[in-house]
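Here is what each chain is made of, one letter per residue.
Protein chains: 2
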Amino acid sequence: MMSTISTVKFEANGKTYSPAASPIVVICMDGSADEYLDTTMLFDRMPNLKQMVRNGFRGMVRGALPSFTNVNNASIVTGVSPAVHGISGNFFYDTLNREEVMMNSASYLRAETLLAAAANAGRKVAVVTAKEKLRDILSHNMKGIAISAEKANQARQDTHGIENVEAIVGFPTPAIYSADASLFVLRAGVAFVEQGLADLLYLSLTDYMQHTYSPEKEESLAFYEAMDREIGRLLELGAVVGATADHGMNAKVKADGSPNVLFVEDILESHFGTNGFRVICPITDPYVKHHGALGSYVVVHLSDPSRTDEIKNWLAVQPGITEVYDKATAVRVLEQPADRIGDLVVLSGRDVVVGRRPEYHDLSALDGSLRSHGGRYEEMVPMLISHPLNAQYKMKAAGDPRNFDIFDFTVNGTNP
Amino acid sequence: MMSTISTVKFEANGKTYSPAASPIVVICMDGSADEYLDTTMLFDRMPNLKQMVRNGFRGMVRGALPSFTNVNNASIVTGVSPAVHGISGNFFYDTLNREEVMMNSASYLRAETLLAAAANAGRKVAVVTAKEKLRDILSHNMKGIAISAEKANQARQDTHGIENVEAIVGFPTPAIYSADASLFVLRAGVAFVEQGLADLLYLSLTDYMQHTYSPEKEESLAFYEAMDREIGRLLELGAVVGATADHGMNAKVKADGSPNVLFVEDILESHFGTNGFRVICPITDPYVKHHGALGSYVVVHLSDPSRTDEIKNWLAVQPGITEVYDKATAVRVLEQPADRIGDLVVLSGRDVVVGRRPEYHDLSALDGSLRSHGGRYEEMVPMLISHPLNAQYKMKAAGDPRNFDIFDFTVNGTNP
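Chains S and E, in that order, are what the protein sequence lines are.
When we follow numbering that gives the first Met the number 0, the leftmost residue of the first sequence carries the number 0, and every step to the right adds one.
When we follow numbering that gives the first Met the number 0, the leftmost residue of the second sequence carries the number 0, and every step to the right adds one.
It is worth saying that the hints were derived from the structure and are not from the lab.
Mixed in with the good hints, there may be bad ones.
Treat identical chains as interchangeable: a pair holds within one or across any two.
Straight-line C-alpha distance at most 25 angstroms; calculated DSS-like pairs for lysine-lysine [as the list claims (entries may be wrong)]:
{"#": "1", "residue 1": "LYS253", "residue 2": "LYS395"}
{"#": "2", "residue 1": "LYS14", "residue 2": "LYS326"}
{"#": "3", "residue 1": "LYS216", "residue 2": "LYS395"}
{"#": "4", "residue 1": "LYS393", "residue 2": "LYS142"}
{"#": "5", "residue 1": "LYS150", "residue 2": "LYS395"}
{"#": "6", "residue 1": "LYS216", "residue 2": "LYS393"}
{"#": "7", "residue 1": "LYS253", "residue 2": "LYS150"}
{"#": "8", "residue 1": "LYS14", "residue 2": "LYS253"}
{"#": "9", "residue 1": "LYS393", "residue 2": "LYS253"}
{"#": "10", "residue 1": "LYS49", "residue 2": "LYS216"}
{"#": "11", "residue 1": "LYS326", "residue 2": "LYS311"}
{"#": "12", "residue 1": "LYS142", "residue 2": "LYS253"}
{"#": "13", "residue 1": "LYS14", "residue 2": "LYS49"}
{"#": "14", "residue 1": "LYS393", "residue 2": "LYS8"}
{"#": "15", "residue 1": "LYS311", "residue 2": "LYS8"}
{"#": "16", "residue 1": "LYS311", "residue 2": "LYS395"}
{"#": "17", "residue 1": "LYS311", "residue 2": "LYS142"}
{"#": "18", "residue 1": "LYS14", "residue 2": "LYS393"}
{"#": "19", "residue 1": "LYS395", "residue 2": "LYS14"}
{"#": "20", "residue 1": "LYS142", "residue 2": "LYS216"}
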């Protein structure tokens with residue numbers, strides 16, 4: 000069923016992509032701190048990945064901040080930073096309409112995707128995401144297949160570019176809180192390549208397993224081992240494979256194992272008085288079992304912006320807080336869209352999460368102890384490429400490559 | 000020649016160490032970004048380290064800032080941060096005496112070392128450092144062996160606790176700009192354990208190889224492979240081995256391979272006018288072939304401190320600059336000694352170094368292109384322990400462990 004694969008160049012957001020005639024598969028291994036690969040490979044349980052990076056490339060790249068899923072997935076499919084594409088979290092406070100709104104819809108996306116451009120240039124594009132919440136952004140204006148594992152059995156030809164997904168993939172629609180939610184994404188990718196249904200794929204996994212298990216746990220090792228089998232099948236099918244992560248993952252607990260949380264709205268009110276602060280946790284999403292809406296990054300809206308410097312300087316020296324920026328500095332240093340952050344942006348330490356107030360965060364739903372992300376210590380993630388990098392991209396890899404360069408590296412970096 | 004090994008507890012800077020009756024060896028693998036281990040292990044060239052961490056522990060720890068050698072070595076042997084031990088670089092500006100002074104002498108150390116405490120408690124302690132510059136700080140007030148590879152053949156019993164080092168180790172004094180400079184340190188450690196000359200050792204390597212070669216270069220792979228052989232011998236001798244790094248290492252070059260430098264004194268004068276600024280590069284040391292005194296961390300002394308905020312805010316949004324702190328914030332967030340930093344502390348990006356003015360930096364001496372450290376992107380380093388961690392230290396490893404907890408982990412973390 001293999002058909003001719005288009006090698007027509009395509010362009011998106013100022014970058015040009017010159018694809019080879021091979022299937023191209025980019026994987027976002029959600030929440031894959033490098034330690035997950037280190038540990039699983041240490042026990043010789045990722046033989047395909049090992050062989051893949053021996054032939055190709057393994058290194059570290061810098062993600063977009065905040066180190067959240069939607070932010071980085073939007074960056075990966077556009078090739079640009081949040082300052083350009085506009086997705087700065089799952090949630091933001093709309094200061095014009097004075098309401099807190101979800102940012103899951105493509106209507107918030109300010110850049111076109113390279114996937115849409117590839118499809119327009121003649122590639123058969125498929126997007127498979129674990130969580131339905133990402134499907135709208137990832138498939139924005141795109142002709143092709145766009146499904147989620149979560150709702151695989153609801154895909155219809157006219158809306159998803161495919162139907163009978165379970166039969167095609169050979170697996171049932173998985174539970175979202177499971178290893179299978181991510182494995183289904185990879186299996187769908189394998190099936191689509193094998194059956195000639197797609198030749199440029201973006202496979203975006205989910206981090207339920209990483210939120211729940213540290214790298215040395217058998218559940219995690221078995222999960223990465225199962226991922227490795229699917230990666231092996233993609234390589235057997237002749238695909239050029241690139242993989243990265245949206246963010247890392249760290250335990251955010253005290254010495255007794257309980258969550259290590261700083262409730263920023265609470266501490267600001269205790270110190271400066273009530274009713275002056277609105278803290279937004281942009282990690283908030285409907286999938287509560289992962290993290291209880293607690294990450295290492297929040298934004299603060301002030302009712303009296305003239306006090307910005309005073310409040311910033313106080314916050315900056317509170318234990319657990321590692322970085323505090325005013326809006327102008329966050330726009331430059333953290334590459335944020337000015338209209339979708341607050342007056343202050345606050346990041347916390349490797350083992351610390353920041354929240355709003357206790358009543359906003361239900362930790363009883365967590366499976367396991369608190370592991371989360373969002374801050375600086377989840378910014379650096381692995382990049383893996385199945386084919387040798389050419390001289391230009393070797394040089395680029397040695398600079399400050401980004402996780403949202405992954406299509407650039409996979410498509411252009413492996414050209415001779 | 001093995002004699003009884005003391006298990007008497009010892010205490011330093013508020014921490015208690017309960018050593019086992021085995022030889023204990025802590026290695027500081029200078030400049031070992033995790034990528035060096037990843038890449039060498041990928042090619043199956045560190046079999047002993049692989050077996051060691053399969054039995055024990057491998058994870059990431061946070062170093063002290065600035066991510067320089069002396070700062071982190073002083074932290075490792077005291078178990079505390081620069082705010083406590085006072086060593087904040089190789090160089091600082093003494094504002095009282097108005098002079099720039101080297102900080103290589105133990106007279107600048109404000110905390111006792113755990114090595115001295117261990118020796119006082121009856122352990123046979125040996126310190127072996129590649130560079131002579133570190134010997135004074137590491138062996139402060141310590142009874143035992145203290146030598147450098149650089150001047151191994153000059154060691155005398157009364158001043159170094161040992162003589163005839165070349166005969167004992169079985170290797171000649173190495174050139175300082177070589178792989179052998181570090182390998183000699185490890186070989187000396189093996190010889191001292193084997194011959195019963197020491198039972199608690201600190202082996203501090205040098206990063207000439209990492210400054211000069213990226214992880215995938217054959218020179219680097221062969222170097223780590225040679226390190227692995229010595230680690231294997233230490234394990235064969237029954238040692239409990241812990242290893243970490245003082246800092247990571249990144250290429251600091253533009254797309255054309257030339258050094259990516261921001262001369263901070265220059266840009267400040269261009270913008271704010273002349274004669275108001277003194278920029279100190281605390282990485283400066285006599286070993287010029289490594290980095291040309293360019294790292295990702297400088298401090299700035301202002302002739303008019305009332306302009307601190309204005310200058311800080313301007314610097315914070317300059318491309319390449321990632322963090323700028325005033326003194327009070329640097330003391331808290333970066334754990335610095337207030338009297339040995341400047342009015343401002345400036346950190347730069349993963350691929351950027353900060354310097355003073357071009358005339359202060361001789362890059363012609365570099366062997367290879369510019370690879371350096373000092374900033375946030377060289378802060379996270381590996382920690383490797385040869386024996387399983389007990390429950391308490393497993394929990395500790397999952398929080399925010401530090402590279403200067405390495406003796407704590409190696410000594411206390413492996414106790415049943």
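Hint-by-hint comparison with the structure:
no.	hint	in the structure
1	LYS253 - LYS395	between (39 angstroms within a copy, 9 angstroms between copies)
2	LYS14 - LYS326	neither (28 angstroms within a copy, 42 angstroms between copies)
3	LYS216 - LYS395	between (35 angstroms within a copy, 16 angstroms between copies)
4	LYS393 - LYS142	neither (33 angstroms within a copy, 49 angstroms between copies)
5	LYS150 - LYS395	neither (38 angstroms within a copy, 40 angstroms between copies)
6	LYS216 - LYS393	between (34 angstroms within a copy, 12 angstroms between copies)
7	LYS253 - LYS150	neither (37 angstroms within a copy, 45 angstroms between copies)
8	LYS14 - LYS253	between (44 angstroms within a copy, 19 angstroms between copies)
9	LYS393 - LYS253	between (41 angstroms within a copy, 13 angstroms between copies)
10	LYS49 - LYS216	both (20 angstroms within a copy, 18 angstroms between copies)
11	LYS326 - LYS311	both (11 angstroms within a copy, 15 angstroms between copies)
12	LYS142 - LYS253	neither (48 angstroms within a copy, 38 angstroms between copies)
13	LYS14 - LYS49	neither (30 angstroms within a copy, 41 angstroms between copies)
14	LYS393 - LYS8	within (22 angstroms within a copy, 51 angstroms between copies)
15	LYS311 - LYS8	neither (47 angstroms within a copy, 45 angstroms between copies)
16	LYS311 - LYS395	neither (36 angstroms within a copy, 30 angstroms between copies)
17	LYS311 - LYS142	neither (46 angstroms within a copy, 48 angstroms between copies)
18	LYS14 - LYS393	within (18 angstroms within a copy, 45 angstroms between copies)
19	LYS395 - LYS14	within (15 angstroms within a copy, 44 angstroms between copies)
20	LYS142 - LYS216	neither (40 angstroms within a copy, 43 angstroms between copies)
Going down the numbered hints, you'll see the structure goes against 2, 4, 5, 7, 12, 13, 15, 16, 17, 20, while the others check out.
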